[in-house]
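Trainee: Here are the chains, one letter per residue:
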Amino acid sequence: MEDRPVSAIAAPAAQRSRKTGAGGRGTTALSLGVISTFLIIVVLLPIAALLWEAKKAGGHSFWQAISNPEAVGALEVTFAAAFIVVAINAVLGTITAWVLVRDDFRGKALVNAVIDLPFALPTIVAGLTLLTLYGPYSPVGLHIAFTRGSVVLALCFVTLPFVVRTVQPVLLELDVEMEHAARSLGASDFTVFRRIVLPNLLPGILSGCVLALARALGEIGAVVTVTGGLPYRTEVASYYIYKQIQGYNTGAAAAIAVVLLVTAFVLLLAFGAVRFFFTRHERA
Amino acid sequence: MRRRYGLRAVVFGYLIFVLLAPLVMIFYRTFQTGLHPVWQTLSDPNTVDAFKVTLIAAAIAVPVNTLFGVLCALAIVRRRFPGKGLLNAFIDLPVAISPVVVGVSIVFLYGRGGWFGGRLTGIGHSFQVLYALPSIVLATIFASVPFVAREVIPTLRELGTEQEQAAATLGATRWQRFSRITLPAIRWAIVYGVVLTTARALGEYGTVAVVSGNIIGKTWTATVAVDQLIQNFNTAGAYAVSLVLAAIAVVVLVAMTVIRPQESR
Numbered sequence: 384m385e386d387r388p389v390s391a392i393a394a395p396a397a398q399r400s401r402k403t404g405a406g407g408r409g410t411t412a413l414s415l416g417v418i419s420t421f422l423i424i425v426v427l428l429p430i431a432a433l434l435w436e437a438k439k440a441g442g443h444s445f446w447q448a449i450s451n452p453e454a455v456g457a458l459e460v461t462f463a464a465a466f467i468v469v470a471i472n473a474v475l476g477t478i479t480a481w482v483l484v485r486d487d488f489r490g491k492a493l494v495n496a497v498i499d500l501p502f503a504l505p506t507i508v509a510g511l512t513l514l515t516l517y518g519p520y521s522p523v524g525l526h527i528a529f530t531r532g533s534v535v536l537a538l539c540f541v542t543l544p545f546v547v548r549t550v551q552p553v554l555l556e557l558d559v560e561m562e563h564a565a566r567s568l569g570a571s572d573f574t575v576f577r578r579i580v581l582p583n584l585l586p587g588i589l590s591g592c593v594l595a596l597a598r599a600l601g602e603i604g605a606v607v608t609v610t611g612g613l614p615y616r617t618e619v620a621s622y623y624i625y626k627q628i629q630g631y632n633t634g635a636a637a638a639i640a641v642v643l644l645v646t647a648f649v650l651l652l653a654f655g656a657v658r659f660f661f662t663r664h665e666r667a
Numbered sequence: 025m026r027r028r029y030g031l032r033a034v035v036f037g038y039l040i041f042v043l044l045a046p047l048v049m050i051f052y053r054t055f056q057t058g059l060h061p062v063w064q065t066l067s068d069p070n071t072v073d074a075f076k077v078t079l080i081a082a083a084i085a086v087p088v089n090t091l092f093g094v095l096c097a098l099a100i101v102r103r104r105f106p107g108k109g110l111l112n113a114f115i116d117l118p119v120a121i122s123p124v125v126v127g128v129s130i131v132f133l134y135g136r137g138g139w140f141g142g143r144l145t146g147i148g149h150s151f152q153v154l155y156a157l158p159s160i161v162l163a164t165i166f167a168s169v170p171f172v173a174r175e176v177i178p179t180l181r182e183l184g185t186e187q188e189q190a191a192a193t194l195g196a197t198r199w200q201r202f203s204r205i206t207l208p209a210i211r212w213a214i215v216y217g218v219v220l221t222t223a224r225a226l227g228e229y230g231t232v233a234v235v236s237g238n239i240i241g242k243t244w245t246a247t248v249a250v251d252q253l254i255q256n257f258n259t260a261g262a263y264a265v266s267l268v269l270a271a272i273a274v275v276v277l278v279a280m281t282v283i284r285p286q287e288s289r
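Protein sequences appear in the order of chains P and S. The opening position of the first sequence corresponds to residue 384 in this note's numbering, with each subsequent residue numbered one higher. The opening position of the second sequence corresponds to residue 25 in this note's numbering, with each subsequent residue numbered one higher.
Any given hint might turn out to be false.
As the list claims (entries may be wrong) - A few chain S residues that face chain P, going by a derived Cβ cut-off under 8 Å, partial list only: (1) Y38; (2) V42; (3) V131; (4) A223; (5) V234; (6) L269; (7) V276.
Unchecked claim - Over 12 Å on every C-beta distance to chain P, these chain S residues come out as not near it, computed from the model: (8) H60; (9) P69; (10) R198; (11) S203.
These aren't lab readings, by the way, just hints derived from the structure by calculation. Where is the CB? At the ideal position from N, CA and C, for every residue including glycine.
Using the sequences and the hints, build the whole thing.
Mentor: This is how it looks when you write it as structure tokens:
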């Protein structure tokens, strides 16, 4: 698999380190010092402060905060929508990658460029346009806004590139001759897909899905406008946290934030595990 | 053959429904209402200030993250040190966590009762971090940490070190090796990463919304302005700001498309 990432975190990391002596020990120490200072100030300290805040409130109020009915509702909506979106991405993302690699038509380069739109367009702008298009004054007559469907729609916009961009390079590398051979031996299209194409694409699909899941669980910009953030119906966890912190309800905000933080950690580990598992014969 | 057209239709339908229609909508709406309301919003001092704050935050976050990204990529690919795997996993954290969680964390760190709560005292004077420009800058940096590193790492891996070792045997200094061999080789990966970083820095909403405090004319960013204008039922104003952001997004997309072939050679 070619290791050219398109999304920021799609690069395979589980590769052997080169034993090279470029740079002396002094510069290594210096650059490591700069890197770790930067990470501590920018990333680690705020996260530590969040964990500290959650711990300060104590275990009892933590459980109270995450068993609050509205919080539970928000978490349910978030996870349910995220899993639906990941399933949609797994299927439609793979088909999109397939069409972009194997099909040929005019304007393919343009379609390929448009895929990255969610990385380029601010998500709050996406939310606004989705609201206009599929809201109460919809010019196309689709009224999805303020329903649970709108949560899924907004998250579909935000996560669209992930699976496409992790499957595309694998598909480019995949040898068509295997498929020809299978077909000449009498395999049906479905058998070829199931026995040859899918197993090869699986690592790409899975890592794309993990990235999409992480993004879907945390998104707020695209979701906030088009869903209206109605408690128990379309309110997602991020928006719930946002509301709590705006109302100076720090304990509740910290508790739900910790839940999302831990989920993100688990997903990063899963992402690493997927890469590790599927590159095992390359390492062996 | 029929199946091929079927798949194509599914993909086109999906992309139009989810991606293209929203993008076209922004430009169509502007076309419909004319440029007057757009100009009215964009010449409003509060909008101008919001764009200023966004640009300042991006102007700080992009160079800082570019420098960090290149340093990080060099360390991960070329150096051996304990905790390398951890660092490699760690730089992805900012894009895996919810922006709101990041924002809330910054509030806890710099807010009242936080470790660096209240005003930070610098040399001779003190300044406010939270609900002011510094926290917006911090939030923007956090949100766009890994992009440059993630683009540069695979390019550096492919490059290897043979050329630099050859240069070293010919007496090139470390700086000469970096500026004449490494830098030209990873140039396009850096540019691609910078484009992604810039897009994220200009468009970040969740983190900034939490830490900005929504003080109109002071801590509004462009994206916060869009949200606030929607909430004030000023849809025309929200669309005017969105138009500028969407135009930037189109430029970013074009840049990404132009750069990518060079990057993959």
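Trainee: Now tell me if each hint is right for this structure.
Mentor: Hints and how they fare:
With its C-beta approaching chain P no nearer than about 5 Å, Y38 (chain S) sits inside the 8 Å limit, and its interface hint holds. A cut of 8 Å between beta carbons decides the hint on V42 (chain S): the least distance to chain P is about 5 Å, and the hint holds. For the restraint placing V131 (chain S) at the interface with chain P, the shortest Cβ-Cβ distance is roughly 6 Å, inside the 8 Å limit, so the hint holds. Look at A223 (chain S): its Cβ gets to within about 5 Å of chain P, closer than 8 Å, so that hint holds up.
Here the hint on V234 (chain S) is kept, as its CB sits about 6 Å from the closest CB of chain P, short of 8 Å. For L269 (chain S), the shortest C-beta to C-beta distance to chain P is roughly 5 Å, which falls under 8 Å, so the interface hint holds. Here the hint on V276 (chain S) is kept, as its CB sits about 4 Å from the closest CB of chain P, short of 8 Å. The Cβ of H60 (chain S) lies farther than 12 Å from every Cβ of chain P, with a closest approach of about 19 Å, so its non-interface assignment holds.
P69 (chain S), annotated as away from the interface, keeps every beta carbon of chain P farther than 12 Å; the closest lies near 21 Å. Once the 12 Å rule is applied to beta carbons, R198 (chain S) is inconsistent with being away from chain P; the minimum gap is 7 Å. The beta carbon of S203 (chain S) sits about 14 Å from the closest Cβ of chain P, which is more than 12 Å, so the claim that it is off the interface holds.
Against the hints set out earlier in the document, a violation occurs for number 10 only.
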